[in-house]
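Engineer: Taken in sequence, the protein lines are chains A and B.
Counted the way my numbering counts, the first sequence spans residues 3 to 243.
Counted the way my numbering counts, the second sequence spans residues 2 to 306.
One or more hints might be untrue.
From chain B, some residues computed to sit far from chain A (all C-beta separations above 12 Å) [as the list claims (entries may be wrong)]: (1) Ile114; (2) Gly133; (3) Ala168; (4) Ser177; (5) Val208.
Pair by pair, the computed Cβ-Cβ distance ranges are [claimed, not checked]: (6) A:Leu177 to B:Trp87: 26 to 34 Å; (7) A:Phe123 to B:Ile156: 21 to 29 Å; (8) A:Ala113 to B:Lys175: 43 to 51 Å; (9) A:Glu117 to B:Gly133: 57 to 65 Å.
No more than 30 Å apart at the CA atoms, straight line, and that leaves these computed lysine-lysine pairs for DSS-like [to be verified]: (10) A:Lys120 to B:Lys278; (11) A:Lys63 to B:Lys190; (12) A:Lys225 to A:Lys14.
These are computed hints drawn from the structure, not numbers from a lab.
Values in this document were obtained by computation on a predicted structure and should not be read as measured data.
C-beta atoms are modelled at their ideal positions from N, C-alpha and C, and glycine is treated no differently.
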Amino acid sequence: MTEPLLSIRGVKTYYGKIIALKGVDLDVNEGEIVTLIGANGAGKSTLMMTIFGSPRAREGKIVYQGSDISRMPTHEIARMRIAQSPEGRRIFPRMSVMENLQMGAAINDFAHMDEDLKRVFDLFPRLKERINQRGGTLSGGEQQMLAIARALMSRPKLLLLDEPSLGLAPLVVKLIFDAIRDLNRTEGLSVFLVEQNAFHALKLAHRGYVMVNGVITMSGSGKELLERPEVRAAYLEGGRH
Amino acid sequence: MEVFLQQLINGITLGSIYGLIAIGYTMVFGIIGMVNFAHGDVFMVSAFIAMITFLLIGALVGSVPVVIAIVLMLVVAMVLTSLWNWTIERVAYRPLRGSFRLAPLISAIGVSIFLSNFVQVTQGPRNKPVPGMLNDVIILVESPTYNVAISYKQIMIMVVTAILLAAFWYLVQKTSLGRAQRACEQDRKMASLLGIDVDRTISITFVMGAALAAVAGVMYMVYYGVVSFSDGFNPGVKAFTAAVLGGIGSLPGAVVGGLLIGLIEVFWSAYFTIDYKDVAAFSILAITLIFMPQGLLGKPEVEKV
Ligand SMILES: Nc1ncnc2c1ncn2[C@@H]1O[C@H](COP(=O)(O)OP(=O)(O)OP(=O)(O)O)[C@@H](O)[C@H]1O
Ligand SMILES: [Mg+2]
């Protein structure tokens, strides 16, 4: 492997005076699925948003495709083909499903719109049935599908997913995870995945990181991490879902 | 009955002007959650720009057809007023974004005072009369005691407002710019994650609000034939009332609210006493805020997030 697609070095992020990330190092290589697991409040979502400069890293470097993006405005980072399905989904509640998807395609100036729509509707036929429904009235699972579909509409090179399985039925979780694997295999999409569902995530990912209180404490291949007793004890107890 | 019809026509005319101004209040509130107290004065400035343009045309070109004069006034007023409002946003509001909630509001009050004083000092405190335009009337109903008439300028105001609102509605609902605006209104952070330049979108919103206020300013000047530095306050607050009545943040609400306020004001003056017409309008503001804070067409708060 040459230079990673995304390389995070020594990133510290604060909320006011409170430090949330205490110097994070993490890489995502081209064509890789990387997962980040950690307890509630560890700083996973903060890292995802810090990649987008909101909040901004107070120290450290974030390099994407060879350029330092840590001082770039959020919307310009998005225009470098990084897409995010953020925590809480953040669907535009008073826009239809279609308009939410159009928002995702905004950075492409709506080129190849039909093709991309077809792609996400093949993935989530449910969205097609609800195309004119207002985002705010979709069920939680439907909103989650829409958030992922919206992110895909920009044709990202790197896709950031913050807990895509949250609140979804096991069947839908499987659907989404299969879709991620598929996009990664067929299109070489690089994925950075934050998950509570550590078992599924580590099985899916090429590599994984464990975050505790704003620092990375372990990393390794998905398989390795799955076998580590510390990981099993902390994140996999209570059975495999 | 004739009196009623006549007042209806007058009320719709006035309400159109209020509606155009109210859109500026409601859009800015929608996108940055701030009541732009300076918006009424931006409207007043546009009326002065229109007057000066009119006088310049007279001095430089001599007499031109009224239609051309009005079109020129509209163009000049829209361009300059938009520029003004763009600058105001950059200088007085944007640096305060992310500061405490009241900061931009206080800044807006400052801008409002600045604008009205600036115009008072440079243009003088007295009312400025403008020669009447499009004063001819069409008699709609003839009766021995009372003729119901609509003047050309009333027709122009209604037609221009209707066209503008239709165009504006299309822009906001159907174009990607309008969609980006609505996205910023609903979730600014998410909009930026999708590559929308939020600052630029907010600037455009100010420019659009100012352009509509400028049209209202030209119409107001033509309608009343007089402008004053204090015009920012009275029509400004009425338009704000209209925005609140219709449901602040709602575009159709601003238009409906504008028409209602215009009608209420005109009917009150006709049937009760003209001295209390402002009291009537402002009582409505108070009553709306107490009993129906989200207004007639305000957004329902129930939403799954
Ligand atoms: N806007 C904010 N202001 C202040 N503190 C915040 C803010 N957002 C997050 N934090 C704090 O930063 C820490 C990390 O939060 P973060 O949301 O990144 O955790 P997480 O790992 O994503 O947790 P979860 O698994 O529950 O989503 C937490 O202690 C949280 O309370
Ligand atoms: Mg989180």
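Engineer: So, for every hint listed, does it hold in this structure?
Structural biologist: Quick rundown of the hints versus the structure:
no. : hint                             : result
1   : Ile114                           : holds (33 Å)
2   : Gly133                           : holds (45 Å)
3   : Ala168                           : holds (20 Å)
4   : Ser177                           : violated (6 Å)
5   : Val208                           : holds (19 Å)
6   : A:Leu177 to B:Trp87: 26 to 34 Å  : violated (47 Å)
7   : A:Phe123 to B:Ile156: 21 to 29 Å : violated (49 Å)
8   : A:Ala113 to B:Lys175: 43 to 51 Å : violated (19 Å)
9   : A:Glu117 to B:Gly133: 57 to 65 Å : holds (60 Å)
10  : A:Lys120 to B:Lys278             : violated (58 Å)
11  : A:Lys63 to B:Lys190              : holds (22 Å)
12  : A:Lys225 to A:Lys14              : holds (29 Å)
Going down the numbered hints, you'll see the structure goes against 4, 6, 7, 8, 10, while the others check out.
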